[in-house]
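Visitor: Read off the chains here:
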Amino acid sequence: MKLKKPIALITIIFLIFDGFSQDYVHSTKDIDKVEIIANTRIILKTHNNPSLLISDSENKHIKKGALGLKPTFGKDNTDFNVFVEQNNSTLRVESFQPRIADPLVIYLPETIKISVESRINNDINISDFKNEVEAKTNRGDIKIINVKGPVIVENARGNTFIVFEEVSQNSPISIINSHGDIDITIPENTKADIEVSVPRGELYTDLELISVENSEEEEDKMRSTRTIKSKLNDGGVSIMIVASLGNIYLRKE
Amino acid sequence: MNCKEIKYLITYYQDNNLDYVSKTLVEEHIKSCSSCTQIHQEFIYLIDTINQIQEELPDNDLELAFNDMLAKEKEVLKISKSRVLKPKNKLLKSILKVAAALLLMISSYLFGSYKRNTSQINEIAILRQEKTKMLTIATLSLMENESASKRIQAVKYSQELENPDDEILNALINEMLYDKLVNVRLAAARALERFSENNMVKNAYIQALRTEENTSMQIELIEILAYIKEMRAIPKMKELLNDENTPIFIKDQLKSELKNLI
Chain C
1 MKLKKPIALI TIIFLIFDGF SQDYVHSTKD IDKVEIIANT RIILKTHNNP
51 SLLISDSENK HIKKGALGLK PTFGKDNTDF NVFVEQNNST LRVESFQPRI
101 ADPLVIYLPE TIKISVESRI NNDINISDFK NEVEAKTNRG DIKIINVKGP
151 VIVENARGNT FIVFEEVSQN SPISIINSHG DIDITIPENT KADIEVSVPR
201 GELYTDLELI SVENSEEEED KMRSTRTIKS KLNDGGVSIM IVASLGNIYL
251 RKE
Chain D
1 MNCKEIKYLI TYYQDNNLDY VSKTLVEEHI KSCSSCTQIH QEFIYLIDTI
51 NQIQEELPDN DLELAFNDML AKEKEVLKIS KSRVLKPKNK LLKSILKVAA
101 ALLLMISSYL FGSYKRNTSQ INEIAILRQE KTKMLTIATL SLMENESASK
151 RIQAVKYSQE LENPDDEILN ALINEMLYDK LVNVRLAAAR ALERFSENNM
201 VKNAYIQALR TEENTSMQIE LIEILAYIKE MRAIPKMKEL LNDENTPIFI
251 KDQLKSELKN LI
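In order, the protein sequences belong to chains C and D.
The first sequence runs 1 to 253 under this note's numbering.
The second sequence runs 1 to 262 under this note's numbering.
The hints are simulated quantities; they were obtained by calculation from the structure and are not laboratory data.
Please note that the accuracy of each hint is not assured.
[Stated by the list, open to error] Short, incomplete list of chain D residues facing chain C, as computed with Cβ under 8 Å:
1. S147
2. I152
3. L181
4. V182
5. T211
6. E212
7. T215
8. S216
9. E223
Since we're looking at a predicted model, the values are computed, not measured.
Backbone N, C-alpha and C fix where the C-beta goes; we use that ideal spot for every residue, glycine too.
Build the full structure now, drawing on both the sequences and the hints.
Guide: What follows is the structure, given as structure tokens:
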């Protein structure tokens with residue numbers, strides 16, 4: 001009987017704190033994909049719960065005076081200046097915080113598909129996801145770590161840095177930077193058909209890329225666009241990498 | 001899921017193009033339904049067969065040998081009509097009988113082989129038609145997919161079609177002009193290159209150069225239009241060259257390509 005008292009006390013304390021917690025949680029039980037759009041820096045991490053979590057400790061809550069009122073220039077149903085809406089199996093998360101505000105930090109299950117867009121010019125950091133990742137920004141850097149893919153990146157003026165834990169053979173990977181550099185690390189045993197273009201930059205790699213045979217005409221064109229088509233470990237999933245003005249660093253793990 | 005839906009999804013399942021939930025549902029259904037298990041097995045067999053027998057072509061020597069043999073046979077028949085063979089002894093008669101039997105057997109064998117080859121050619125043609133049909137369906141349906149990676153997969157499927165119809169070309173053009181991600185637009189632009197002699201494709205490249213704002217796509221389009229020597233692109237190229245918002249490296253490329261075109 002004595003033992004039960006501390007447990008009950010801890011439970012009561014936990015419930016009290018939980019009641020005070022201002023985290024936003026949305027179940028991802030029936031969700032296949034989460035689309036996130038924000039003006040601020042976006043940080044996506046994984047957790048072991050089947051839910052989307054915007055934690056009070058890592059995100060800026062709206063001011064007390066705004067509680068219970070509606071914003072004029074944005075939408076908010078989370079009290080974090082973020083609007084979350086479910087459309088069939090897709091969960092859309094839109095942040096209306098200004099560009100210079102603190103980052104938007106979101107936790108999701110690692111197996112969910114994600115699509116992230118920084119609407120203005122901010123960075124995107126994504127780590128540990130094991131399903132499709134799409135990321136788009138205009139001027140920020142994109143950092144995607146410990147993923148399996150497929151990965152799709154469109155980056156206009158920032159740098160892109162990706163580390164693949166393994167490369168999924170499910171469907172194509174495509175990374176396109178208009179101005180910045182691209183730095184990609186993949187496991188040495190990855191099977192892939194790799195097409196790399198560096199029209200104004202250079203490709204640096206330590207991978208054994210075996211060039212695919214092309215017709216003379218094709219060779220001429222590929223030389224002028226500085227494109228190389230090659231097979232890695234006898235070929236596999238399609239990987240297209242384009243850095244229009246920057247360099248590409250393709251590394252083996 | 002019912003059997004009809006499973007039949008539709010089997011292509012995607014086999015190509016690993018289903019999301020986790022759909023994949024699991026298909027697997028569970030196949031396990032519990034003998035009819036769909038058979039369809040799945042037949043599909044795997046069909047794909048394996050297509051991949052294995054692509055290089056098998058009828059042997060010209062075989063046909064020639066058969067024709068030669070047939071000609072000889074006709075010759076023998078002619079001789080037998082013109083002159084009645086009257087063997088002088090029983091031994092000669094027996095030898096001729098054995099020879100005739102052997103000739104008949106060889107002719108039958110060669111004729112059978114020829115027929116088998118003809119039926120194989122028909123089978124290959126049917127399988128190729130089926131493959132084209134499946135690739136066309138997969139291309140068109142995946143282009144509607146929400147996932148950008150799956151849309152690029154659709155573009156890759158279209159590249160496996162030897163002579164894609166206008167519906168496929170229009171779908172590729174649509175992706176090149178209007179997809180929200182440059183990754184899909186650029187993949188479509190590259191896939192369309194082998195049809196750059198087609199007027200519809202040429203017009204689409206010119207239209208894309210007029211509307212495209214992404215510099216990676218602009219570089220690609222300028223390269224393609226210069227490569228196919230499309231003179232109608234010159235006015236837009238000049239306009240971009242004179243536009244103060246055009247990045248310097250694009251202007252450098254425009255100058256270089258315009259020199260070659262004009």
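Visitor: All hints, please: hold or fail.
Guide: Each hint tested on the structure:
1. S147: With a closest approach of 6 Å, the D:S147 hint holds.
2. I152: Status holds, d = 4 Å.
3. L181: holds, 6 Å
4. V182: holds, 5 Å
5. T211: violated, 17 Å
6. E212: Constraint on D:E212 not satisfied, violated at 12 Å.
7. T215: holds, 4 Å
8. S216: With Cβ-Cβ at 4 Å, under 8 Å, it holds.
9. E223: holds, 5 Å
In this structure, the hints that do not hold are numbers 5, 6, in rising order.
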